[in-house]
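There are 4 protein chains.
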Amino acid sequence: MTAAAPENAASGGNEMTGAGGPELRELYDGFAAENLTPLWTQRDDLMPPSPAPRAAAHVWRWHRLYRLAQRAGDLVPVGRGGERRAIALANPGLGGAAYATPTLWAAIQYLGPKETAPEHRHAQNAFRFVVEGEGVWTVVNGDPVRMSRGDLLLTPGWHFHGHHNETDQPMAWLDGLDIPFSHYADTGFFEFGSDRVTDYATPNFSRSERLWGHPGLRPLSGLRDTVSSPIAAYRWEHTDRALTEQLLLEEEGQPATVEQGHAAVRYVNPTTGGDVMPTIRAEFHRLRPGAATATRREVGSSVFQVVDGEGHVTLGGKRHELRQGDLFTVPSWVPWSLSAEDGFDLFRFSDAPVMERLHVARTHLEGPEGPEGPEGDTR
Amino acid sequence: MTAAAPENAASGGNEMTGAGGPELRELYDGFAAENLTPLWTQRDDLMPPSPAPRAAAHVWRWHRLYRLAQRAGDLVPVGRGGERRAIALANPGLGGAAYATPTLWAAIQYLGPKETAPEHRHAQNAFRFVVEGEGVWTVVNGDPVRMSRGDLLLTPGWHFHGHHNETDQPMAWLDGLDIPFSHYADTGFFEFGSDRVTDYATPNFSRSERLWGHPGLRPLSGLRDTVSSPIAAYRWEHTDRALTEQLLLEEEGQPATVEQGHAAVRYVNPTTGGDVMPTIRAEFHRLRPGAATATRREVGSSVFQVVDGEGHVTLGGKRHELRQGDLFTVPSWVPWSLSAEDGFDLFRFSDAPVMERLHVARTHLEGPEGPEGPEGDTR
Amino acid sequence: MTAAAPENAASGGNEMTGAGGPELRELYDGFAAENLTPLWTQRDDLMPPSPAPRAAAHVWRWHRLYRLAQRAGDLVPVGRGGERRAIALANPGLGGAAYATPTLWAAIQYLGPKETAPEHRHAQNAFRFVVEGEGVWTVVNGDPVRMSRGDLLLTPGWHFHGHHNETDQPMAWLDGLDIPFSHYADTGFFEFGSDRVTDYATPNFSRSERLWGHPGLRPLSGLRDTVSSPIAAYRWEHTDRALTEQLLLEEEGQPATVEQGHAAVRYVNPTTGGDVMPTIRAEFHRLRPGAATATRREVGSSVFQVVDGEGHVTLGGKRHELRQGDLFTVPSWVPWSLSAEDGFDLFRFSDAPVMERLHVARTHLEGPEGPEGPEGDTR
Amino acid sequence: MTAAAPENAASGGNEMTGAGGPELRELYDGFAAENLTPLWTQRDDLMPPSPAPRAAAHVWRWHRLYRLAQRAGDLVPVGRGGERRAIALANPGLGGAAYATPTLWAAIQYLGPKETAPEHRHAQNAFRFVVEGEGVWTVVNGDPVRMSRGDLLLTPGWHFHGHHNETDQPMAWLDGLDIPFSHYADTGFFEFGSDRVTDYATPNFSRSERLWGHPGLRPLSGLRDTVSSPIAAYRWEHTDRALTEQLLLEEEGQPATVEQGHAAVRYVNPTTGGDVMPTIRAEFHRLRPGAATATRREVGSSVFQVVDGEGHVTLGGKRHELRQGDLFTVPSWVPWSLSAEDGFDLFRFSDAPVMERLHVARTHLEGPEGPEGPEGDTR
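Protein chains in written order, with our numbering: chain D, 195 to 573; chain F, 195 to 573; chain H, 195 to 573; chain E, 195 to 573.
In isolation and in its complexed conformation, chain D is listed as follows (with noise of 0.2 Å):
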């Protein structure tokens, strides 16, 4: 048997399989009846010449979210077995799916005036992001801490926490996790915890800020690596002081910015540098008014949320306005840039961990006016 010229052997099995006579199919059967599959049939779209994610590049609008979550508040009770009041974002992509990329969980939780989510663990990995609101306290393996607008609060793997709310306001965050990721690679485990979280005191500062949140500082305590970050809370007035002091380093002249007008940290693991936890990767992004970024394209998913500001997201070429709270996914090799009118504040969080620590990680940068601009292709 020689060789089939290329376009036969792919589109040829196809055919086969419908038109190929009676031999063909006995085959297919065959394998059929053996839990087998050809690669031939299929090779195409299980190894497409570049990422063709299943995921869409979608836009949800916060105030919508928002009132779902107050009316999920009015009628559906927050306790034990279903946990949470958690509304996830279903990438219409994904098949009905909770899940708003392959690998990454985004919802808002919702907790009505002096409510208590009771306590539990899980493996997935988990954090809150604050986009308005206060009030509420998360217990993090027994440390409470403030959840205050702005505010990112970390619970890594495998701890406890359960979380209540002071006040008699109900109050709405973002929730993220590695749910989707864990539920395919069937990595998790759960435990329930305490009904009632096990301290209701409501500090300012977590312990594990007044021991770890000091720049440049370790504890002496504490001088064994952690997986995860040992900081609970991210607070907003370090994150906001940052941002300013970027854009006033570019101003004077100095190499601060990612780049022009488009200041950024990224939150870390203060015991490596590196990501707050194993498979997720989280950012804050700030652009001038009137900035934009370059377009680039990434292997790996993202999900960002507006924490002020409004401007504009472009998704694959389609330009996306944005206000306060606006959450939107960009799958895997998507491109996207954003565009300011005023000043624009967005948080961010994605799988890049995952990606750089299996090296498959690619970044190709187009310029800001699009092809014509500087590009690089990253490996």
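None of these hints come from the bench; they were simulated from the model. Incorrect hints may appear among the rest.
All copies of an identical chain are treated as equivalent in the list; a pair is satisfied when it fits inside any one copy or across any two copies.
Cross-link-like lysine to any residue pairs, in silico, SDA-like; alpha carbons within 25 Å at most [unchecked claim]:
id: 1; residue 1: Lys-308; residue 2: Glu-217
id: 2; residue 1: Lys-512; residue 2: Gly-537
id: 3; residue 1: Lys-308; residue 2: Leu-218
id: 4; residue 1: Lys-512; residue 2: Pro-483
id: 5; residue 1: Lys-512; residue 2: Glu-228
id: 6; residue 1: Lys-512; residue 2: Ala-226
id: 7; residue 1: Lys-308; residue 2: Tyr-394
id: 8; residue 1: Lys-512; residue 2: Ala-227
id: 9; residue 1: Lys-512; residue 2: Asn-229
id: 10; residue 1: Lys-308; residue 2: Asp-268
id: 11; residue 1: Lys-512; residue 2: Pro-529
None of the values given here were measured: they were computed from a predicted structure.
Based on the hints, put chains F, H and E in the right spot on chain D.
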């Protein structure tokens, strides 16, 4: 509102969906309209107490695979487009997808006399393991690599490769790849190369072996660590000798084996001592006649192939007889153990590097006689 | 020939040299003529049972150092060639070399009113610690860095740096470098820079602090790890607060201190979580009034400076009273412990990163009350 | 006071010491009384523009060493206390210390017929290299290791070891250790062991080789990385074959050698791919007849031994003829190059791991014809 009773929250949510009256129905319709999904109705499924894989522990019989592969050799050409005459294990729990496990691809590839499989490259990591036969050379980035019984041959991501059969006999072997992970996480790139292989030479040893195949020695021209192993071929001669020595050392009372009567080696990247490729671990296990392993549960999934001898595997409590060439899958957290009739040789590959790099690996060890034996839970 | 009796071989060798008759004398003369030396006559000295440092545990009094530095300020100009008005601790055990320990340099540097110390750079790693005073800026690779009481200022290898005093008062501080190691191992490079500092601005915060001094945050413009810390100034405000919080947490019953009443931080490189420079570790220790540390022996050497309070150090069994500014050295494997009269603050630097990177670090812990206390030997 | 003129500061300081009048003399006396030393009088020596080693580039002739070693065999017993009949290269620049370079010890060790060198262990890392002879076994942590021509044998820190000669012929070999570094940095520990070796068996292969000496394979019983290589013996057979293959590959037009006609391997720890021990690098170099290397300068020091063939080394511009067994030292930053008469085989060891781990390594490459050739400066 107070916290719901433990049982009510989750099931209650479900109930409410159906029976919850018009208000709840309206809420859930609102979720659907906005591409949202509540956590509380599916928390149990998404976050089980321990991994609850959909993938099945399943055994495929080599003689049946081989017969179907032969038949495909008669009926289906190999060539550009379909690229390879490879027939993949389709795990019965994974809905017909050509996946041995959620992360791993395993296929029998069949190349007829004098055939050539054209060159291509892809971001996906690949290897071949030869359970029987000889006469094919795989050409990896221009380096011709002989394929013979017992050899492990690597084709790390983005290396061009094609195969050609020099003989008048067909040859079949096991292909292993991370296609399922790559497809899931949208990390794949693919490029066609030469329609013929770039070098039809048939040396006994590849250039990579001549440069890198000397124990404990590293060429000064190769001081930069590589993501994947630079060794293209791991020869049976070395594997067999390493296992033989372990069993002899055990007889001499020296620590050498994994457990009594169980020798094993891991194939490694000599530049790091770590796994041969960032997403795939490869090992070879040998049991003495009559020996049995402890029962293990591990996070992550594996595929085994019997290379020689006869024995049994107990998978999730069910015992299967095994002969040369037979393949079986071990999904995440399914207990497994092996026992040997006579000498029993098995090749294994797994996604363990993914689990370890993302810090979700766990192993649970039961004794060879079940839960009464020594136990351990490592995390 | 049979093996010699234990005692005879070494000393016997020595004896033979002198009294051993003409044949042996001829042999030893032959060695000398060929630039050879026998091991057996000096094995004991070269390879002692445990480290037998020539360097002494010694205390230097700040008020005496300061008075001599003042006098040098009157008599010795600062400028190109000599470069710095720095007066080094010369360990009495090291034969007059300007070395505090075999690996570490410690000096008091004195800069008169309006003086400038010209710019240069060297492969040697350097830092300054300010025990008192203010008004000097050090300019590191063009970035002006304020020097104030309690601050640690870094000048990692091959960074240009100069200092200038803006005030009408002199200022003195502690310089720490790895000059002895560099001189010993022949690793040093040196280059002159500008005769004046390149930037006479006097900002409160260096650009490095504005970019890097935010806890748990890393600029996206600084994702490449650096060998030494990118933070030029570790401010007293942060160090003091970190130590205060550790003692408060201890009072609340939380794990935070090294041992009862003993708070401590390590200064770290935020890109890695490791030491600030590859050859020098820097730490700050605070003891509550009345507290005492355990007695430790460590491989490697340290220099301490008292920053505040009064107390004692016990060095190799000998007790020394300490006041603000006093310095002392701890050679390898010499047992040391601290006790506080009132609150007791000490800055410490050491060659511990060298010991750890070369895998020769060992620590032995005795109890605070001597050998009856809890012990440990870590290797 | 204003800054001094460049030339005046340093020399001025010196001058002042002598001629500077009573005030300065009093100041310097004050320094001396307080164990202090000024920087400005010695900055030039302590911090030269580039490394200015005291150690000399020097050649020792094997036949002279061997003759003296034989004579020592007649006159000096081997046994407890002196421990070894080892005669060390004493670098003529290092004031008579038994140091080949500031960091490295190199000695010829001589063991007479049927002699035993008793067991001991020390924190110092050690190896033996055999330039000629056979018949001795070294017993490392109880594992008997045959010593034969061309073999490298390891005794990493804190491994018990002794040697015994099974034959009626004496045997001599090269010992390499980090004694000078250990003595300098006060890191050494030493313990006596058994007066006789613990196992007088004479197997062809050590247990360590049987477990670890298989290319690209790692025993599952040895998954924990080790600080030093677990391979006790690197056999000539493998080294020779690796070098032969590199030269053959070069002839085939493949990249394999360091530079034209210059093959080289590094001995590595298979658990990491890095150096065999944390303080010592070991390599083997082979030049084709007539080949010459580029001229290199490197931070750190080396010792070479000619294992076979004849050629020359040019050290700091001076050419030396070399024959089998000859040894020479290359101090830090001294330019060196090799040229071969006929085939030329050299063993090399160095302190390069120290330099790299402490980030002070630099290499400067000149062309083989001097400064006109291609250059490079890597830092």
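Do the hints match the structure? See the list:
1. For the identical chains of this complex, Lys-308 and Glu-217 are inter-copy neighbours only, at 24 Å across copies versus 70 Å inside a copy, given an alpha-carbon limit of 25 Å.
2. For a Cα distance limit of 25 Å, the shortest separation of Lys-512 from Gly-537 inside one copy, 22 Å, qualifies, whereas the shortest one across copies, 63 Å, does not.
3. Taking the shortest Cα distances, Lys-308 and Leu-218 sit within 25 Å of each other only across copies (23 Å), while inside one copy they are farther apart (67 Å).
4. In this assembly of identical chains, the alpha carbons of Lys-512 and Pro-483 lie at most 25 Å apart only when taken from the same copy (21 Å versus 65 Å across copies).
5. Taking the shortest Cα distances, Lys-512 and Glu-228 sit within 25 Å of each other only across copies (19 Å), while inside one copy they are farther apart (45 Å).
6. Taking identical chains as interchangeable, the C-alpha atoms of Lys-512 and Ala-226 lie at most 25 Å apart only when they sit on different chains, with a minimum of 23 Å there against 42 Å within one chain.
7. Taking the shortest alpha-carbon separations for Lys-308 and Tyr-394, only the intra-copy value of 11 Å comes in at or below 25 Å, while the best inter-copy value is 57 Å.
8. In the homo-oligomer, the alpha carbons of Lys-512 and Ala-227 lie at most 25 Å apart only across protomers (21 Å), although the nearest pairing inside one protomer, at 45 Å, exceeds that limit.
9. In this homomeric assembly, Lys-512 and Asn-229 come within 25 Å of each other (Cα to Cα) only across copies, at 19 Å, whereas the closest approach inside a single copy is 42 Å.
10. For a Cα distance limit of 25 Å, the shortest separation of Lys-308 from Asp-268 inside one copy, 14 Å, qualifies, whereas the shortest one across copies, 71 Å, does not.
11. Only within a single protomer do Lys-512 and Pro-529 lie at most 25 Å apart by alpha-carbon distance; the minimum there is 10 Å, versus 49 Å between protomers.
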